[in-house]
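As you go down the protein sequences, you meet chains W and H in turn.
1 is the number of the first residue of the first sequence in our numbering; add one for each residue after it.
1 is the number of the first residue of the second sequence in our numbering; add one for each residue after it.
Source of the hints: derived by calculation from the structure; they are not laboratory data.
Just so it is clear, the structure is predicted and the values come from calculations on it, not from any experiment.
Idealized CB from N, CA, C, for every residue including glycine.
One should not assume that every hint holds.
[As the list claims (entries may be wrong)] With a Cα cut of at most 30 Å, we get these calculated DSS-like pairs of lysine-lysine: (1) W:Lys25 <-> H:Lys381; (2) W:Lys80 <-> H:Lys379; (3) W:Lys98 <-> H:Lys381; (4) W:Lys141 <-> H:Lys145; (5) W:Lys141 <-> H:Lys379; (6) W:Lys164 <-> H:Lys381; (7) H:Lys237 <-> W:Lys98; (8) W:Lys66 <-> H:Lys381; (9) H:Lys381 <-> W:Lys82.
[What the hints assert, rightly or not] Pair by pair, the computed Cβ-Cβ distance ranges are: (10) W:Gln195 <-> H:Val280: 43 to 49 Å; (11) W:Asp212 <-> H:Arg16: 36 to 42 Å; (12) H:Val280 <-> W:Leu208: 42 to 48 Å; (13) W:Leu208 <-> H:Lys381: 56 to 62 Å; (14) H:Lys381 <-> W:Gln195: 35 to 41 Å; (15) W:Thr20 <-> H:Asp382: 55 to 61 Å; (16) H:Gly338 <-> W:Asp136: 44 to 50 Å; (17) W:His70 <-> H:Arg16: 30 to 36 Å; (18) W:Glu193 <-> H:Arg16: 27 to 33 Å; (19) W:His70 <-> H:Ser367: 39 to 45 Å; (20) H:Arg16 <-> W:Leu19: 51 to 57 Å; (21) H:Trp6 <-> W:Lys192: 34 to 40 Å.
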Amino acid sequence: MSNVIEVDHLNFSFGSGALTQPVLKDVTISLEEGEIVLITGPSGSGKTTFLTIIGGLRQALHGSVKVLGHQFINSNEQIKVKTRQQIGYIFQQHNLLKSLTALQNVCMTLEINTTMTEQQRYDRAAEMLIAVGLSDRLNYKPDQLYGGQRQRVSIARALVGQPKIILADEPTASLDKQSGYEAVSLVKRLAKESQTTILLVTHDYRILDIADRVVELEDGMIK
Amino acid sequence: MNRFGWLYFPARLAWRQLVFDRTKLVAAICGVLFACVLVFMQLGFKDTLYASAASAPLKLDGDLFLMHKQSEAMWRPIQFKRSELMRVLGNPAVAEAYPLYLGLAPLKNIQTQAKRTLMVYGFDPDSLIFNVDSARNRHVELRLKDTVLFDEYSRPEFGPVRQLLEAGRNMTEINDYKVTIIGLFQLGVSFAADGNVITSDLNFMRIFPRRNLDDIDMGMIRLNPGASVEHVQAELKSHLNEFVNVFTYEELLRHEKDYWANTAPIGFIFGFGTVMGWVVGLVIVYQILFTDIANHRNEFATLKAMGYEQGYFVRVVFASASFLAVLGFIPGYLLSLGLYNLAESQMYMPMPMLISKVITVFMFILSMCFMAGLLAIRKLKDADPADMF
Ligand SMILES: Nc1ncnc2c1ncn2[C@@H]1O[C@H](COP(=O)(O)OP(=O)(O)O)[C@@H](O)[C@H]1O
Ligand SMILES: [Mg+2]
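Let the hints inform the model, and build the full structure from the sequences given.
Structural data, given as structure tokens:
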């Protein structure tokens with residue numbers, strides 16, 4: 001089985017010269033297709049930094065980072081933009097567009113690269129929102145939704161494009177225990193159906209049991 | 001993304017973000033509207049100025065015109081000798097030549113006795129210099145002593161002359177000299193003169209006792225049928241003294257217009273006002289777009305993380321700019337239309353809302369909004385998802 005994410009001897013530091021602050025040290029990890037991997041670790045250990053490099057949002061210079069077969073180290077923006085379109089991102093904050101309804105927010109994923117008609121996009125987005133249990137909230141704006149509902153919209157937005165990879169950065173941090181667990185189970189259920197690989201950062205120990213594998217990051221090193 | 005979506009999707013997002021925050025939208029529209037009205041008014045005044053400056057020469061019925069080189073405009077002429085004009089009669093292509101005497105003088109309002117300055121045109125009534133029927137029809141009576149024709153389009157401060165004439169009250173004073181208004185003609189006011197009066201050359205000398213027939217302000221030349229205006233103009237230029245200009249009809253119009261555009265700083269002032277309107281509008285729209293991008297930084301960064309490319313956000317910003325241009329222009333146009341009418345009624349000068357002006361101002365506003373967009377897109381680089389999550 002092929003590796004969807006392959007990270008080899010990745011080193012990353014912020015700043016330069018005397019102010020250089022190493023954040024990731026010699027990180028090596030691979031994720032297979034359909035695997036669910038949790039990264040835990042104390043605050044400041046480099047989890048978010050790691051995720052933004054995998055997501056092609058941050059340029060790393062040393063080591064090797066292959067995502068869906070594309071080398072990200074010293075790659076150009078074009079390749080990363082294309083790869084990002086196959087990644088579903090779930091953020092700590094829901095990061096929904098305030099001026100758009102739940103349905104329109106989910107549609108934003110489908111508008112990037114699509115041959116679908118407007119109607120097909122709406123149908124797909126509505127289907128996804130129904131799947132996350134928001135059938136009666138399709139036309140609500142983020143302001144009119146509760147925290148858990150917003151996070152579910154953002155899960156729908158991440159999943160609706162049928163991404164190969166889901167990257168989630170502390171998706172439960174702004175939710176209470178109950179809705180946090182529900183949200184993550186939801187991601188797992190929907191992702192398993194389509195063999196999606198999930199890399200989830202959390203220090204919420206209540207959700208560790210959903211993972212195939214748990215990796216601990218401490219001070220930029222995998223333990 | 002197909003061709004249609006390339007522009008449609010970012011435009012739709014821009015629109016949704018604009019209408020989401022109504023207060024900000026209204027503020028932005030007001031900014032564009034303000035710039036729009038300012039530019040409309042400046043251009044309107046400028047065009048009216050130029051049109052009115054040319055209103056008197058426009059009605060002069062001649063092929064060539066003589067003016068002293070130092071005459072900046074008809075309303076402030078430098079005199080030259082009548083003999084200079086008469087020399088042109090030596091050219092076989094010239095049919096007739098007539099002097100025109102010009103002077104500013106106060107006219108007494110028949111009702112209130114208040115005095116106000118207007119322009120007095122003196123010429124041989126038989127020369128029919130003014131191509132205005134109501135003036136031409138009265139040329140015989142104009143030969144009588146102390147008779148004048150009054151411009152009906154003069155400012156109302158001179159009194160309701162038409163009603164007064166109908167009531168038989170036709171005696172007044174120009175330059176403290178008693179004259180009789182024997183009729184009306186139609187010319188129009190300009191920035192230099194609030195009103196106009198036509199009289200004979202002989203009466204002109206009575207109204208202005210210090211003037212004499214030998215010192216003329218302008219000369220009007222009519223050519224024989226078939227003569228080439230340019231050809232005769234060149235001949236006259238080489239034969240006449242250096243201190244006279246020989247203008248064609250079009251050149252005379254341009255000369256009058258250029259005075260206001262260049263010599264008098266008024267053309268510059270209106271031009272300056274137009275540019276200021278553009279700059280003020282630019283700053284307002286820039287400010288709006290800039291804070292808009294700053295407020296949506298997080299959302300843009302999210303979209304970038306989802307795989308949207310930089311160009312998409314640039315199109316969002318320019319779509320916003322275009323929407324603001326259109327949304328501000330429409331009320332700006334309507335308000336300006338009302339102000340044009342108001343200005344017409346106050347200035348007694350025509351201030352038409354020409355379609356060409358509407359297009360010009362719209363292009364102006366659009367370029368302003370695009371420029372604002374161009375300046376604001378620098379702010380987009382702050383929407384870096386790596387630093388946001
Ligand atoms: N943009 C940045 N510039 C400089 N240092 C940063 C930046 N982002 C994070 N850091 C530093 O890198 C380290 C790892 O941060 P982060 O990846 O956010 O950790 P975590 O997500 O595990 O809490 C921290 O010490 C943090 O201060
Ligand atoms: Mg973090």
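Hints versus structure:
With a C-alpha separation of about 29 Å, the suggested pairing of lysine 25 (chain W) with lysine 381 (chain H) holds against the 30 Å cut-off. For a cut-off of 30 Å, the pair hint linking lysine 80 (chain W) to lysine 379 (chain H) stands: about 22 Å separates their Cα positions. Under the criterion of a C-alpha separation no larger than 30 Å, the hint pairing lysine 98 (chain W) with lysine 381 (chain H) is consistent with the structure, at around 21 Å. With a C-alpha separation of about 86 Å, the suggested pairing of lysine 141 (chain W) with lysine 145 (chain H) is violated against the 30 Å cut-off.
A hinted pair counts as satisfied when its Cα atoms are at most 30 Å apart, and lysine 141 (chain W) with lysine 379 (chain H) qualifies at roughly 26 Å. Distance check on the hinted pair: lysine 164 (chain W) and lysine 381 (chain H) sit about 28 Å apart at the alpha-carbon level, within 30 Å; holds. Proposed proximity of lysine 237 (chain H) and lysine 98 (chain W) is contradicted: the alpha carbons are some 75 Å apart, above 30 Å. Proximity of lysine 66 (chain W) to lysine 381 (chain H) is assessed by CA-CA distance (about 26 Å); at most 30 Å being required, the pair is judged to hold.
A threshold of 30 Å between alpha carbons decides the hint, and for lysine 381 (chain H) with lysine 82 (chain W) the separation of about 19 Å falls inside it, so the pair holds. The supplied range of 43 to 49 Å is broken by glutamine 195 (chain W) and valine 280 (chain H), whose beta-carbon atoms lie about 59 Å from each other. In this structure, aspartate 212 (chain W) and arginine 16 (chain H) meet the distance hint of 36 to 42 Å, their C-beta atoms being roughly 40 Å apart. For the pair valine 280 (chain H) and leucine 208 (chain W), the beta carbons lie near 60 Å from each other, so the given range of 42 to 48 Å is not met.
Here the CB-CB span from leucine 208 (chain W) to lysine 381 (chain H) is close to 38 Å, at odds with the stated 56 to 62 Å. Distance hint check: the CB atoms of lysine 381 (chain H) and glutamine 195 (chain W) are about 37 Å apart, consistent with the given range 35 to 41 Å. With their beta carbons about 24 Å apart, threonine 20 (chain W) and aspartate 382 (chain H) fall outside the hinted range of 55 to 61 Å. For glycine 338 (chain H) and aspartate 136 (chain W), the Cβ-Cβ distance of about 49 Å falls inside the hinted range of 44 to 50 Å, so the restraint holds.
Checked against the hint of 30 to 36 Å, the pair histidine 70 (chain W) and arginine 16 (chain H) passes, with Cβ atoms roughly 33 Å apart. For the pair glutamate 193 (chain W) and arginine 16 (chain H), the supplied restraint of 27 to 33 Å holds, since their beta-carbon distance comes to about 32 Å. Histidine 70 (chain W) and serine 367 (chain H) have their C-beta atoms about 42 Å apart, which keeps the hinted 39 to 45 Å range intact. In this structure the hint that arginine 16 (chain H) and leucine 19 (chain W) lie 51 to 57 Å apart at CB is violated, the actual value being about 42 Å.
Taking 34 to 40 Å as the suggested C-beta distance range, the pair tryptophan 6 (chain H) and lysine 192 (chain W) conforms, at roughly 36 Å.
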